[in-house]
Amino acid sequence: MRIFVAGHRGMVGQATARRLRELGHDVVTRTRAELDLLDQAAVARFFATEHIDQVYLAAARVGGIHANMTYPAQFIYENLAIATHVTHQAFVSGVKRLLFLGSSCIYPRLAVQPMREEYLLDGKLEATNEPYAIAKIAGLKLCESYNRQYGATHGIDYRSVMPTNLYGPGDNYHPENSHVVPALVQRFHIAKMDNAPSVPVWGSGRARREFLYVDDMVEGCIAVMNLSRAEYQRHTDAMRGHINLGTGEDVSIAELTERVREVVGYTGSIHYDLSQPDGTPRKLLDVSRAASLGWHATVPLAEGLRRTYADFLGTREFHIPVPTRAQEAAHV
4 MRIFVAGHRG MVGQATARRL RELGHDVVTR TRAELDLLDQ AAVARFFATE
54 HIDQVYLAAA RVGGIHANMT YPAQFIYENL AIATHVTHQA FVSGVKRLLF
104 LGSSCIYPRL AVQPMREEYL LDGKLEATNE PYAIAKIAGL KLCESYNRQY
154 GATHGIDYRS VMPTNLYGPG DNYHPENSHV VPALVQRFHI AKMDNAPSVP
204 VWGSGRARRE FLYVDDMVEG CIAVMNLSRA EYQRHTDAMR GHINLGTGED
254 VSIAELTERV REVVGYTGSI HYDLSQPDGT PRKLLDVSRA ASLGWHATVP
304 LAEGLRRTYA DFLGTREFHI PVPTRAQEAA HV
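According to this note's numbering, the sequence shown holds residues 4 to 335 in order.
Just so you know, these hints were derived from the structure itself, not from any lab. Ideal Cβ positions, reconstructed from N, Cα and C, are used throughout, including at glycine. Treat the hints with care, as some may be off.
Simulated DEER-style distance windows between Cβ atoms [claimed, not checked]: (1) ALA76 - GLU121: 25 to 33 Å; (2) SER148 - ASP42: 20 to 28 Å; (3) GLY97 - ALA199: 49 to 57 Å; (4) ALA199 - GLY27: 15 to 23 Å; (5) GLU258 - SER231: 25 to 33 Å; (6) MET196 - GLY297: 40 to 48 Å; (7) ALA76 - GLU53: 29 to 37 Å; (8) ALA233 - SER207: 45 to 53 Å; (9) GLY297 - SER148: 23 to 31 Å; (10) LEU26 - SER207: 41 to 49 Å; (11) TYR275 - ALA155: 47 to 55 Å; (12) ARG309 - ALA45: 22 to 30 Å; (13) PRO284 - GLY27: 42 to 50 Å.
Under the rule of at most 20 Å between Cα atoms (straight-line distance), these lysine to aspartate or glutamate pairs were calculated in the DMTMM-like manner [unchecked claim]: (14) LYS127 - ASP281; (15) LYS99 - GLU133; (16) LYS99 - GLU306; (17) LYS99 - ASP160; (18) LYS144 - GLU121; (19) LYS195 - GLU261.
Generate the whole structure from the sequences, applying the supplied hints.
So, in structure tokens, the structure goes:
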């Protein structure tokens, strides 16, 4: 099939495009210079001329707590625009199947753990990343709404997956705006090279998170996309049409920090900055829906961290330059 992977330069998009090519598909990609997904007219022209069969919508502006708190307007506007433009123009051009990639931050801050798909919109969101979460909720509701209105008449089948915290090769190692795993990798590496006596870590270390290796997530996405319409509908419902992807296990940030330090080989101390927020106390997904489909994660956290650090060493300088705004955006 001719498949458009939106966001192919981000970690998720890279892994998705690579795996789809291995499976023999004709993968279509565009850089931001070639196709700005914030430009509705440009997206319309792209779909009108490229004859796309399927879409994997991995494009997004992403980042950790610092980035979400610093750029809330960009996070909500850009993610809303990307989801709206790609989903609608895919529909207009006759694309029958699309996969939207969300995030586990869509669930309420104090949701019962582990978080089941039906907990969506059942409470208040975490304040530090609420704009991003709202944009992701809107994206999955776009898919549900288009299915409800046009599924029977136009044969469309738009699906959503909600992966937990992702990490792996091709991640963004920005010292401030990245997610926790790449941020810790680059901080510990630089500290090791500089013989720094300590490394700062935001928060208390008590918050708990679940981490999924990016290649495992891609296999889950492909498995969901390959389901028949009847099988997908059997495991979802019209108003809760997404499927969680995760490992079903979590660790505290303190435990994660120690594991990353061990992989990098840093021997100094760790300073937890209690003036900075922890974010949501715990985020653990219920992955029983995905398990019932026969999918489960295969890469243990320790092995995934080793692979991530190897990728970092192969692609990064010791002192990492601050990326441009364009490089920070995962859809570039």
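Taking the beta carbons of ALA76 and GLU121, is their distance inside 25 to 33 Å? 31 Å, holds
Practice prompt. For the range 45 to 53 Å, tell me whether the beta carbons of ALA233 and SER207 fit it or not.
Written response: Between ALA233 and SER207, where Cβ atoms are some 47 Å apart, the hint holds.
Are the Cα positions of LYS99 and GLU133 separated by 20 Å at most?
31 Å, violated
Do PRO284 and GLY27 keep their Cβ atoms within the hinted range of 42 to 50 Å? Since PRO284 and GLY27 have Cβ atoms about 44 Å apart, the given range 42 to 50 Å holds.
Q. If you check the beta carbons of ARG309 and ALA45, does the distance land in 22 to 30 Å?
A. 40 Å, violated
request  = Determine whether the Cβ-Cβ distance between LEU26 and SER207 falls within the hinted range of 41 to 49 Å.
outcome  = Holds, at about 43 Å.
Note to self: Does the beta carbon distance between SER148 and ASP42 stay inside 20 to 28 Å, or does it fall outside?
What the structure shows: At 23 Å between Cβs, range holds.
Is the hinted range of 40 to 48 Å satisfied by the C-beta distance from MET196 to GLY297? Holds, since MET196 and GLY297 (Cβ atoms, about 44 Å apart) stay within the stated range.
Consistency of beta-carbon spacing, SER231 to GLU258, with hint 25 to 33 Å
Because 40 Å falls outside the window, the suggested range is violated.
| request: Note whether the CB distance of GLY97 and ALA199 lies within 49 to 57 Å or breaks it. | output: 56 Å, holds
* Go ahead and decide if the range 15 to 23 Å is satisfied by the Cβ distance of ALA199 to GLY27. => 48 Å, violated
- Task: Below or equal to 20 Å on CA atoms is what counts here, so check LYS99 against ASP160.
- Result: 6 Å, holds
Violated hints for the displayed structure, listed by number in ascending order: 4, 5, 12, 15 and 16.
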